[in-house]
Structure formats: structure tokens, C-alpha cells
Amino acid sequence: MRGAMAPTALTLDPDRLLPADPGTREIARELFAQVEHLPIVSPHGHVPAEWLADDEPFADPTNLLLSPDHYVTRLLHASGVDLAAVGVGGSDVDARAAWRVFCERWPVFAGTASAGWLEHVFAEVFGIAEAPSAGTADALFDALSAALATDAFRPRALFDRFRIAALATTDDPLDALDGHRRLAEDPSFHGRVLPTFRPDRYLDPAAPAFTDDVARLADAQGRPVDDFRGYLESLAERRAHFIARGAVSADHGVPDAYTTALDEVDAASLYRRAVRGELSSAEARELRGHMLVEMARMSIDDGLVMTLHPGVLRGHNTATHETFGPDSGHDIPVAAEFTRNLRPLLERFGLVKDFHLVLFTIDETAYSREIAPLAGFYPSVFIGAPWWFLDAPDAIGRFRSAVTETAGFSRGSGFIDDTRAFLSIPARHDVARRCDAGFLARYVAEGRITRERAREIIVDITDRQPREVFKL
Amino acid sequence: MRGAMAPTALTLDPDRLLPADPGTREIARELFAQVEHLPIVSPHGHVPAEWLADDEPFADPTNLLLSPDHYVTRLLHASGVDLAAVGVGGSDVDARAAWRVFCERWPVFAGTASAGWLEHVFAEVFGIAEAPSAGTADALFDALSAALATDAFRPRALFDRFRIAALATTDDPLDALDGHRRLAEDPSFHGRVLPTFRPDRYLDPAAPAFTDDVARLADAQGRPVDDFRGYLESLAERRAHFIARGAVSADHGVPDAYTTALDEVDAASLYRRAVRGELSSAEARELRGHMLVEMARMSIDDGLVMTLHPGVLRGHNTATHETFGPDSGHDIPVAAEFTRNLRPLLERFGLVKDFHLVLFTIDETAYSREIAPLAGFYPSVFIGAPWWFLDAPDAIGRFRSAVTETAGFSRGSGFIDDTRAFLSIPARHDVARRCDAGFLARYVAEGRITRERAREIIVDITDRQPREVFKL
Amino acid sequence: MRGAMAPTALTLDPDRLLPADPGTREIARELFAQVEHLPIVSPHGHVPAEWLADDEPFADPTNLLLSPDHYVTRLLHASGVDLAAVGVGGSDVDARAAWRVFCERWPVFAGTASAGWLEHVFAEVFGIAEAPSAGTADALFDALSAALATDAFRPRALFDRFRIAALATTDDPLDALDGHRRLAEDPSFHGRVLPTFRPDRYLDPAAPAFTDDVARLADAQGRPVDDFRGYLESLAERRAHFIARGAVSADHGVPDAYTTALDEVDAASLYRRAVRGELSSAEARELRGHMLVEMARMSIDDGLVMTLHPGVLRGHNTATHETFGPDSGHDIPVAAEFTRNLRPLLERFGLVKDFHLVLFTIDETAYSREIAPLAGFYPSVFIGAPWWFLDAPDAIGRFRSAVTETAGFSRGSGFIDDTRAFLSIPARHDVARRCDAGFLARYVAEGRITRERAREIIVDITDRQPREVFKL
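Chains as they are written, first to last, in our numbering: chain A, 17 to 488; chain B, 17 to 488; chain C, 17 to 488.
None of these hints come from the bench; they were simulated from the model.
Please read these numbers as outputs of a predicted model, since none were measured by experiment.
A couple of the hints might just be wrong.
The list treats identical chains as interchangeable, and a pair is accepted whether it falls inside one copy or across any two copies.
Stated by the list, open to error - Mimicking SDA-like on lysine to any residue, the simulated pairs with C-alpha atoms at most 20 Å apart in a straight line are:
#1 K369 - D98
#2 K487 - S95
#3 K369 - V97
#4 K369 - V117
#5 K369 - T334
#6 K369 - H337
#7 K487 - T152
#8 K369 - A335
#9 K487 - A111
#10 K369 - R177
#11 K369 - A100
#12 K369 - E299
Sequences and hints are given; from them, build the entire structure.
Given below as C-alpha cells:
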């Protein structure tokens, strides 16, 4: 077991993630070179706009890179680390001590997507040359801290350095979007940062604070809560507010993709009972399914792209949830179904011009079976890039293999980094570009597409596709 | 984006679809050479027998290659083309204008199975040297039209040129099979063209015209409709009619693989109520499940191979369905289950000698989990070749990988092209042979089978297997 | 078809199962060399302890290698062989005649996991140089028989030769474990052989002999059957008996992973009615689900590792089951669900220190979707190695690809051979080590982990991991 504790050099292989076969790698290398330095289009993610609006230096490595990254803290937790020891959920922790815990456990990340992203962050963003370990923890903490204190590591400087052409945040419908306003009004900031309307908690009567949330919504918009039409109007008004602040999409994270189109009287009746907390779980699902259809209707009215992320059981462990809050690493996927669930929505709106519905899944089985076939027929449906646990090199390869033969390259969403880990944004897009280059190179090597066509495709899916699908 | 509009040379790589690794490719090349020129055995497909019986020249490229190919028109539709603009469902369209639409959109097919088939058709069947594009559309249309007007492109000439040893059509039970009769009686035609009994609409009380269809069946066979035994006898008689015309199999396209064995009194009672349109959807499923068991029983009596294609939600979009009819590109897969669903059928007939049941799926998850295990035990069960969306190089590779370690190579059905696209039949079998050669070559390169054994296997699965499984 | 009958040389490629790409293979070769000769840790399997306790010579090739191996007999059966003809289920059969049947059908195994294991057994364990065939059957039978009659092929000699560091058996809770006792008390035997507590039949009211089995259990422990607390105490006592004989784990083969935590009054009431055979199938599932939670509670009390193997429909064919008994080749997988099913159990015990729950699946879709995410959060959950139909080279590769990016290498169980085929144990571990070497080599070749780290990982997952996860 020598070496597990020994510091090892941290170097990024310039050919990393490209196929091992030399002939294919040579093609992949050329394709990757077409897009390696293209600007980053990030139409869905979780970086707070305030970071850019305030442009304050980041506090320390732990609070920036460790505590909020539930990909990282969850695997530490699995290896026996208390989530409190790495500052999850706002736990009070000594930043340096937490960082040591992480560095000591660095070997558990070998082979994971997170390891690849973090190595990129350390080596490329910070210029660090040693891998994390018990022996390097303090030096690494110091080096990162020192860098973070410099102007070059302030949020806006990194935003520029990362060549981010557009960055979407994810926001509560009642958010005043002050960060976005300040950025828009700041003549010294030239980047594009846009909010995303994320209304889940206001649409699902089974959500823990639904009755409070809809009451706050009604109140904010000056309406009585107990009126379904008013509820819909309030939602539409909040969407308009988001659009005024630059939003191009509304994001829906739902337990499943169930949709249904109730008649208005029934929907209104369910809603009124939901406001009083009277719905059974089956009825709550009905209203939630209906509200997705209403959201699609609003998307057609106001043009917001609709993105759908179903199939996660959030808060799998109640004790962890109560102590550390949501997004603390125990959201676990379940099987997803799109064909039957989305039919009511697509019957109504699937053929409407300029309606864009992007389908994400963490259940890979849906790619070849449901999502590619749907996107290969409905002009409104786009194949969401691999998401969450699937946002990793092998999974990206499986994704491309699963969808391409049915739907080609033109029906994708473009890459989505979906991250709050601001410093890893270049790493994530780099991974996606390398994987796409490798996939295309194999198709070239197998005589399935010409090298010239592959060069066009990789630029197209990297740059044009996310702009067009997200109406940027 | 230069090049997207530029005409590019269309050339087929002689090594296309073979593995990129040079050592593995060399083995694959030799294995492919064993079968490249073997005759085509096509035991399941949709080419109309009348084409061969009439032997008239094909009308034009659009009506032959574009409008009826729902793989192609669906992706055009997804890219924003009106199905009417490419002549779907008998839409009245200018053939040349439709062809231009297709050629302009050719880039959306890059990487799809359809692109590979069409390139083969253009390059190999027609000898065309330029890829479709806006700039080449008219010249391509003219070149194809000119070729189609020649005797060499009449159906029978192509049938011979393609070296088709046997070609199965798919037919309604009440079809008089005149095309088949005329071919059989024509001393100048020496090919083997055989019908396939496809009784879905007569077996599923939930099918849209069930009551009319069973009435027509009863009428055709001179029986009252309201008699279950008579209904079974009518079906058996129609099967006998098909067998007399050369049929070797009965094909069943069902929403799911559900089977159940009701007692006769219950089945008869359900049937009588089904004839009156009185069944609930649950009851309709019961009767459909029972009728699959009856079909198995008849297969044991009359020897017809039973093929099962479950798991497609047909007509996902009602508006499209009403305007363009069935098979217009919006049939979408759903999850499939075989283990529990087929148990009642296999309990009764799974061990019966000479009963052949071929299981197809578009839900890939069933390959390793259910189909290979079933076919690895029941002598009656065969693993259907990848079908529909899965009939493509990467999917074929995943299929072989999923089933071989459990069931070897001996339990497969042989390749099934399942196509109405007559000119693409050689392309489809060529793809399957290349993919099998590549898969076997990898096993040879990995020391898992000997090169000598691989040479035997590829000939066996290409030529003997479909003949034996389909009792040809 | 020449060659199908011709004897061919049987030689094992020293690079078998390593990736074909020369650069990757060179890395894989070095990694494999790190572990090729490491001792075998086998924490779950089905070899009877009596074989080692008695240390009698094995009877003949058929009874040792053919009749009890349902991987082999099932594929023979599918190819048309009567299970009785190869001695399944104790069928009276001439060993040599049965062996001939197997050798004649040897080609059907090409490409299967079984072929690889058997080739290893023939070539490595016996030093045979010719493949099975009609022509070699008798000579092979004679050569194997002659070897088996020698002392070098007695169970203990093979145990030593195979370098088995620990071998777990699987045993009925009421088993006296005499074989284990005799081995422990035998000063001439130095190996570690340990029982495994397998209580399925006592926990599932839907099991065929449940009422008899719980009556026998109660009787053996001197309690009335009709007392839930007593039933739990009896189970705990039998576990203690196993632990006294060296057991480290309790194994649970269940139709699905359903768990539920009933209150004690309800559980006791269900149990009392179960004892009288009064439960509906839904109620039986409730009690079974509750008993899994009770088993977890006992595991926390007594430290036994809990292994879970859900998702098999056993005895798919009643006729075969009645004639040949269980494990006769017709156990067929079904879809598996872990996220929702295990939540009640994990809510209670998922965070308990030193609780180990190892999840196995034959539904591959659960690897990336559910098992890796669960094991990547809960410190108690480990990813079971590919099992049963998935215990094969391609499937192992898919498994590693599916779980590694989410959970790394540290959350696995280590390899489990799960076999009664004693002579194939080295073959199975050899396959796993080669596949892991190939997988790691690809990650090295793709610049994802360093070669030094890969060397550590392969030793870790081969040797330390199974010892630690199974508390050996």
C-alpha cells in the first residue's frame, strides 16, 4: 500500500479521455482541437449570481471546493466521514481541518468524475503540481488560499478567464433577482448571466411547504391564495419578471415525468383543496401532472424553454436531511418513464413551433428506449445532455452511443454543466468536448461519418446547439 | 459551417463498421469475408409481394426511398419538416420538391442507422459518387430516376442482384395473398417469397377496429361472429391458407408480452362481450393475453414459428395519426417485461418440441436480464435480432455483448431486416454481418474463441441460423 | 461446417480477456501480474464443507463438472438435451454417456462465461490439451477420471493448490454445520472454511414450505411456533450458532428488495397468521419485508454482514421444477428496484457504524441508477460484484463502467464466485482479475488514473476489499 500516502505528481495528460487506439486518438485530437478553446455556453447551472455581482474573493478552499460539492462530500461520507466534519449544510468547521480530511481520503475518488474535475481545477485553474494527500493537505490548502486572495481569482476575473459566453443560474420564482439586476446595471460587467425559473415547490402539493409557498406566492402578487386562475396568473407574472431579467428557460425537477391535462374545473378544485392540505398523494400527483402541462402552456406563451429533470428520490435519508438539509448527497435516482408520462403534454404541445422541451434523465435506460425516439419525432423535444451521476466520461460515451443511431447529433441540448462548483465549469466542458471528440473519432475510424463532417458536428454541438436549443 | 452545404464525395469505406484497433480489424476483415457474399435470408420484413409479382419499375426516388421510410421522415419531421412535404401517408407532393427537402436536411442523419443504409443504397445499388445536399438534390434525383427506369432496377432484377434466398412479407390474415399466388404460379420467377401471418388487429379487443375486424373474419370464413370456437377455427383456417401460400411464421406486435391462459368458458365469455365492444381495458388485456396463448397452441399444431414484438406505444401523437395514418414515425418504445408476462405461455408450451418462439425487444434492458436467460433454458425460445431503433451498429454490438455470455451464439434468430425499404435490404444485412464480424473478432483478439471457431460461427449465424429458426 | 466435429487444440491465451489495443494491453498485463498469484478470498459460494471435511476423491467428471452446474446444463437443455440425460437433479445417468452428450454440444458454449471457466479447468487444473468434442469425449472423460482418482485432486489438495485463503459455504439455518465443526477440529487442516447463514425459507411466508420450516425452527430451539418474539429469538440463536462456527455473513435471496418496518404488534399478528398459512400474497410480502429489517437489526447486534440478492423468479417452469428440483436452470431474472425498496431499512440502519449491506443485482440497470448512488452515500452499503448471469467478462466491464464514475473503486464488495463448481474457483477469480486489470488499464491509457495508483487499486480490490467488506 505504499504510495497511498505518498504525494504523487499531479499532471494532466494532454490526451486524457481520448480513445486509446492510436489511430482513433489522432482523429480525436484533431476534433478536440476544433473546440478546445471555444467559449463556454452554460445554459443550466447553480452558481449564485451574487458571487459575480459582489465579486468578493472566495473565502477559502473548503467553503469553495469542498463543503458545497455533494458529489465529493457524499463519497467522503460513504467512506466513513461525518458530513459535519467537511462543513456540509453550513456545519461549523475549521476549514483547514476539513480540507485535511478530504486530502487524506483523496484515493477514494480515483476513477470518479469528481476526481477528474478536481484535478483539472487544481492543475489548470491553480497551477498546482501535487495531488492531494495527507502529506500535501496543508501545503495545498495554503497554496489555494493564497491564490484565492488574489484579484485573479475573484469571480469576475475567473468568469473572463474561463471564457464564459453565457451562464444561467437557477432561482426561486419569488427571488427578486437582485444579483442579476445589479449585474445588468453594472457598466463594468460585460458577461451574460441569466436566471432560470425553477418553480417545483410551488407546483407539487406533496412538497413539504407547498401551502406556505403558494401563500407567499399569492401574497407577493397581491392575490388571494385560494384562486386557481390567480395562482396561474401569479406564476405567469413571476415568469415575466424572470424574462425581464434575462431568463430563457424554466426548469422542472419532478419525482417523475407524469403529466395530465385536467379540465379547468377539476384542476381548480384540486388546487383549492391542495391549498388546504387536503389532497391524497394520488391527487397531489394529478395536480402536479396538470401543472406541468400548464407550465408547457406558459412556455408556449412566453417562450421560456422547458427543461425536465425527473426521476430522483430526494432526501433518501431523513436523519441526514434534518441535520444537513437538502442537496446533502442522499438524493438517489429511480427508474424513469417518459413515453406514457409525457404523452398528455406532447399531445397538446409537442408539435407547437418554437416550443422547446429538454428531457434529462439519470436512468440511462430511457436514452435509447424513450428519449431518442421522442426527440427523433417531436420537433419540440430535445435530448438533455447526461446529467448528475451520468455527467462522466464513460456515461457520456454510453449516452452518445444510445441516442445517436436513432436521433443523430442534431437533437441534443448541448452540454449542461448543472453545477454550483464555479471553478470546475471549464473542467466539465473540457470533459464533454473530449468525450464528444472521442465518440466522433470512433465513428470516423469506423467509416460512419467523414472527418470533414465530424469537424462540423463537434463545433455545432459545442457551440451552436446550446445557444439554439436554449434560445440564447 | 462551410461544408454543410458543400457537396462531398460519397464513398463507402471497405472497412466500415469494423473495429478501429488494427489487430482486431484484420481478424474482422477475414471473418466478414466469409459471409460478405452469402445469399440473403430475410425471414421477416414488409416488402409487398405485389412489387415482385407485378415487376413494374419503381415510380421515383421519393416514393421509393423517402416517403415510406418512417426512420427517415421522422427525423426530418423532428428537424422541422412537415410530414406532408415529404409525402408521408399518401400526401400529395411533388416528388422532386420532396427530394430536395430531404437532401437539404441530409446533415441531420449523420451518425444514424438510416444514413448508413442510404449511403449504401446510393453508392452500391446506384453507383452514385456524391452525397445528398442542397446542391446535389436535383442531379441525384435525376440519376436515381434514370436508373429506376431501367430494367436493371425492376424489382425482380434487384431481387436477383441482391442474392435474396428467401423474402418474407407481412400480411393481414384476410389477405388473399394474390401476389404470392401469382409469384408461385409464374414459371419465370424462381425466388422464394413467403407471406407472414400478422393477426394483431383480430386479437386485441382494444384495437381500434376490433369489432369490425372480427366481423369481417367471421364473414370471410362463413361463420357467425359471436362464437369463440368459430373465431378460433377461422383463425386456424386463415393460418392454413397462409401456410398453403408458403408462410413459415406468424408475427405478433403487441403493446406488452402479457399472456394468460383462461379457461375456455371465461375466454369465450370475454370474447362475446368483446365482439359487442363491452370490455374494460383490463378485460381486453386479459383476452389479448389469452389469445397469444391460443396462437402458441396453433403454432404447435400447424408449425408456424411465433415471433413476438412487444413494447411499442403506437400512434403516440393523435393529430399526426389522424392526418398521416399509422407507421408515420411516432411509435415510441416503452419498457418491456418478458419473464413474468410469458410465464403462462411457457409453462404450457415452452418445452414442446419444434415450437419456436422468437422474442424481439426495443427495450435493451431485457436482453441480458430476461431474453438471454429465457433462451438459454427453453429450447423453444430464440433471441430475436436487434429490432427497429436497435437495428444499428452500436446497438447490435450492445446486443451481442448483452446476450452472448449467457446464451452463446446458438440461441439467436439470425438477422431480420424488418423493412419495407427494399433497396436497403443488402445494406442492412451488410451492416449486421460487419457488426457480427467485429464482435467475433474482438472475442478472438481477447482469446475467448479461436479464429477457426469464429469462422464457423459467423457462417452459422448468417446462413444456417435464420433458416433453421424460421424453418425455411 | 468442418471443424465443428474436429478436435481442436485447447490452449489458454496468456493475454486472454485483456484489451486488444496493444498499448492498453501492455498496461493491463502489468496490472494483472500484480494480482495473478494472490490468494483467493471467496466470501460467498456454494461448495459443501463436507467435501473438504471428508476429503474423498471426486466421483467422476460428470458428477463433478456437469450435472450440478446449472449454467452448463441449462444451455444444453436449450439446445435440445433432456436434463435427465446429463444427470440434473439426481437423475440416474451413465456418467460417460452424459459426458459424451456434453462434449458433442461443446460448440454451443462458444463465447459464454461457462466456456471460459471450463477451458481454464481443463487446461490449467487438469493439463488437458484438447477441446471437448464428439471425437475427444471418451479420452477426455478417461483423462479427467484418472486425474480425479489421484491424491492431487482430492478436495484439500486442490484447496491448497488453488491458494484459497478463505472459503464461505451457504447453509440452512438449521444445519448442524458438522462439516465445519470437523474441519475446525481437524489439526491436519489449516484452511479457513466458514458457513453462511441463509434463512430465506424461514422468512418468506410465500415460500412453499414456510409453515413446516418455521415449525422445525421452533422445535429445534425448543419453543412454540406461534410466538413472534420466540421466532426472532430462535433466528438469533441460529445466527449465534453460525457465528460460533465462523460465519461472517448472512445471505438473503429474495424475490425483490422490498423492506418495511412494521410495528411489533402488527408484525407479530402477521406472523401468527402466516404460521397458520392464512396470509394473502400482499401480506406475505409485508412480513417478508419486515423480516429483512429484522435481519438487518440482528446484523447490527451480532455483526454478520448482510448480503442481498434480489430479482430472480425461481422455478419459472413448473414441470422442470417438479421433475428436477430447484436450481435446475430455469431461474429467470426480473427487473430490480433498490432505491424505494430499501429505504425503510436504510432509514433505520443505513448510517449505523460497522453495519455492512452488500447489494447484488442481475438487473444491470440498477448499477448506475441505484446501487452506485446508494453505496456512494451510505457507509453501510457496498456494491456487490457482478452476479450470476453477469459474472462474465463483458458484463464485468459494463459493471465497472456503470459504477466507477459515481462510486470509485472503494465501495465494491470484491469479487464473489458464488459457485458450487469447486474446480472453477480459480478460473472465476482469474477472469475477474483480468477484467479489472483491463478496465484499470483503459483508465490509465485514457489518463484518468496514474499507473502507480492503478497498481494499488488492483491489489486493493482483489485482496483487501473482500476481507474488509466481509469482516474476514
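Against the structure, the hints come out as follows:
Only between protomers do K369 and D98 lie at most 20 Å apart by alpha-carbon distance; the minimum there is 11 Å, versus 51 Å within a single protomer. Taking CA atoms no more than 20 Å apart as the test, K487 paired with S95 passes between copies only; the shortest distance there is 16 Å, against 42 Å inside one copy. In this assembly of identical chains, the alpha carbons of K369 and V97 lie at most 20 Å apart only when taken from different copies (11 Å versus 51 Å within one copy). Taking identical chains as interchangeable, the C-alpha atoms of K369 and V117 lie at most 20 Å apart only when they sit on different chains, with a minimum of 18 Å there against 53 Å within one chain.
Only between protomers do K369 and T334 lie at most 20 Å apart by alpha-carbon distance; the minimum there is 17 Å, versus 43 Å within a single protomer. With identical chains, the CA atoms of K369 and H337 are at most 20 Å apart between copies only, with a shortest distance of 18 Å across copies and 42 Å within one. Taking the shortest alpha-carbon separations for K487 and T152, neither the intra-copy value of 45 Å nor the inter-copy value of 31 Å comes in at or below 20 Å. Proximity of K369 to A335 under the C-alpha cut-off of 20 Å is restricted to the inter-copy arrangement: shortest distance 15 Å between copies versus 47 Å within a copy.
Neither within a single protomer nor between protomers do K487 and A111 lie at most 20 Å apart by alpha-carbon distance, with minima of 41 Å and 34 Å respectively. In this assembly of identical chains, K369 and R177 lie within 20 Å of each other by CA distance neither inside one copy nor across copies; the values are 37 Å within and 45 Å between. Taking the closest pair of Cα atoms, K369 and A100 come within 20 Å of each other only across two copies (16 Å); inside a single copy the shortest separation is 49 Å, beyond that limit. Taking the closest pair of Cα atoms, K369 and E299 never come within 20 Å of each other, the shortest separation being 32 Å inside a single copy and 40 Å across copies.
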